[in-house]
Amino acid sequence: MEAMSSPGLLAPLSARRRRTDRAARALLGAGTILALVPLALILYYLLRKGLGALDWHFLSSDPTGSYFGDQGGIHSAIVGSVEIVGLAALIALPVGIGVALYLTEFGRGSRLAAGTRFFVDVMTGVPSIVFGLFIYITMVLTGLGGSSFAGWKGSLALALLMLPIVTRSAEVVLLLVPNSLREAALALGAPRWRVVLRVILPTALPGIVTGALLSIARAAGETAPLLFTATIVKGTTYDLGQRMNSLPAQIFDDVRQPQASLVERAWGTSLTLVLMILALTLIARLIQRRSRSTQGAA
Amino acid sequence: MERIDDIPTADDQLAEPVAKGRLQALPSVAPATHRVEIRDLSAFYGDHQAVRELSLEFEPATVTAIIGPSGCGKSTMIRCVNRMHEEVAGARSEGKVLLDDLDLHDPAVDVVSVRRAIGMVFQKANPFPTMSIFDNVAAGLRFTGSGRADVSDRVRQALEGAGLWNEVKDRLGKPGAGLSGGQQQRLCIARALAVDPDVILMDEPCSALDPVATLRIEELITELKQQVTIAIVTHNMQQAARVADRTAFMLDGQLVEVGPTERLFTKPEDERTEQYVTGKFG
Numbered sequence: 001m002e003a004m005s006s007p008g009l010l011a012p013l014s015a016r017r018r019r020t021d022r023a024a025r026a027l028l029g030a031g032t033i034l035a036l037v038p039l040a041l042i043l044y045y046l047l048r049k050g051l052g053a054l055d056w057h058f059l060s061s062d063p064t065g066s067y068f069g070d071q072g073g074i075h076s077a078i079v080g081s082v083e084i085v086g087l088a089a090l091i092a093l094p095v096g097i098g099v100a101l102y103l104t105e106f107g108r109g110s111r112l113a114a115g116t117r118f119f120v121d122v123m124t125g126v127p128s129i130v131f132g133l134f135i136y137i138t139m140v141l142t143g144l145g146g147s148s149f150a151g152w153k154g155s156l157a158l159a160l161l162m163l164p165i166v167t168r169s170a171e172v173v174l175l176l177v178p179n180s181l182r183e184a185a186l187a188l189g190a191p192r193w194r195v196v197l198r199v200i201l202p203t204a205l206p207g208i209v210t211g212a213l214l215s216i217a218r219a220a221g222e223t224a225p226l227l228f229t230a231t232i233v234k235g236t237t238y239d240l241g242q243r244m245n246s247l248p249a250q251i252f253d254d255v256r257q258p259q260a261s262l263v264e265r266a267w268g269t270s271l272t273l274v275l276m277i278l279a280l281t282l283i284a285r286l287i288q289r290r291s292r293s294t295q296g297a298a
Numbered sequence: 001m002e003r004i005d006d007i008p009t010a011d012d013q014l015a016e017p018v019a020k021g022r023l024q025a026l027p028s029v030a031p032a033t034h035r036v037e038i039r040d041l042s043a044f045y046g047d048h049q050a051v052r053e054l055s056l057e058f059e060p061a062t063v064t065a066i067i068g069p070s071g072c073g074k075s076t077m078i079r080c081v082n083r084m085h086e087e088v089a090g091a092r093s094e095g096k097v098l099l100d101d102l103d104l105h106d107p108a109v110d111v112v113s114v115r116r117a118i119g120m121v122f123q124k125a126n127p128f129p130t131m132s133i134f135d136n137v138a139a140g141l142r143f144t145g146s147g148r149a150d151v152s153d154r155v156r157q158a159l160e161g162a163g164l165w166n167e168v169k170d171r172l173g174k175p176g177a178g179l180s181g182g183q184q185q186r187l188c189i190a191r192a193l194a195v196d197p198d199v200i201l202m203d204e205p206c207s208a209l210d211p212v213a214t215l216r217i218e219e220l221i222t223e224l225k226q227q228v229t230i231a232i233v234t235h236n237m238q239q240a241a242r243v244a245d246r247t248a249f250m251l252d253g254q255l256v257e258v259g260p261t262e263r264l265f266t267k268p269e270d271e272r273t274e275q276y277v278t279g280k281f282g
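If you read the protein sequences in the order shown, they are chains A and B.
For the first sequence, the residue numbers in this note's numbering are 1 to 298.
For the second sequence, the residue numbers in this note's numbering are 1 to 282.
Just so you know, the hints here were simulated from the structure itself, not pulled from any lab data.
We treat Cβ as the ideally placed atom computed from N, Cα and C, and that holds for glycine.
You may find that some hints are simply not true.
Under 10 Å between C-beta atoms, here's a sample of chain B residues computed to sit facing chain A [claimed, not checked]:
(1) N82
(2) M84
(3) E87
(4) G90
(5) A91
(6) V114
(7) F122
(8) R142
Next comes chain A alone, as it looks inside the complex (with noise of 0.2 Å):
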């Protein structure tokens, strides 16, 4: 005990160090509200100027081009938007965890690893109107498969976008895989493929969705390079070899217009993509926690 009771323990707390305490404490409660102040205001806006749009007839009309009247609604937006993001998904999420998978588990320490990570790095900072222009000069302007522009055109701009999104988180969350679980797998002879497959993936999986997640909020959101891929149209398609709508696209274009009444389906439509972002954020999360649930995890 007379080793504890040195007197600076027991001395209060100098006023200075009390004082640079609060002032450090407001500093970070003030950058906080700050960063959350335009935050705050983006919804307050899309829902003020947006909800007013939101309707049936909103959701089931393709936008009408008349000048008076009736401009319609965004249903073609939406299923582009929805087919477009889908298949670049479809392109992007299985390619983009297999490098990861490549570059944690097989390749580590590898050349081949390191000049990968190196370029998957170098294509996150790569601005997505360029995606938009590679696509656009070597498959609209060759005219690949038919046609110029196309939906399946801006789905592979959108995936060459997604692709170092996924890769790097998806990377980052298998290198927290603890390795005593891949020893346990590996010691029990399990093939190197199940041990991923069975062990690996499933307990990066929550992680792993979550980067997917990011990624195809970030690619239904991006303008760029669908601009000239897949283009503005008015009517629904549902073919992906055809010029294809979508909601940034839609956005972009009504923003742009005099009208009032267009500027106002800009608003709802970009209420409607931040609802449908929210909407599939909300469901992985539901999938995610009731797959645990059956696992019984408290």
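Fit chain B to the given chain A structure using the hints.
Same frame as chain A, now just chain B:
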């Protein structure tokens, strides 16, 4: 399934023990008959040599303990037996490890079949976090693609063998990670037992456990040695004295001395062994 047939070694008799695990429908209660013989084993991490030309045998139906100070290479040595050593980047080994006369380090031998024949229990219990208790024990059977019909029987037998059945039989569907530390380690032993291995290697299996849980595992080891050949690495000399029939003392990657446990602790032949077991260093 027929992995063993891929091994070009013409000698069928040599290949037999590795195949045994899959040919038999249920875990054997037959006495352990499998022996491991390590011959001139050297193991490296890059340029660093962790094990130096070591020769040692694990006799059937006995527990062999490997003791020695930290960093003496005992874990590395045991990880060479089921070829887990080669999973470490930059690691390699030389020499032979024979399981009933089949050289497991022969390049023609499939590493997967080696690990099916030689199970391992690690220092820290490592149940699969996404799996239930049942699935954890069944994992080895499913990983190796064994017939599925009798999975629940074998899970039960393995859990009984690991002395865990009565504690978990009502919550087989609950996650393995929800068990206590000692139970988790016995779950890992059950997981290793379920695939009916010829040999089980234990790498300091009790170092993260409290004394009661440790005692439980030690009792288990004594029970299990009748059906499976066991080698246990431990830094705890009392543990070696309690569970092992034979004890090997390692120092600086070399085998100093091996013999019946009691003899090694009471009348060591080598001066270094005596110094270590009497606590003069380590």
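Quiz item: Taking each numbered hint in turn, which are not upheld by the structure, reported in ascending numerical order?
Solution: 5
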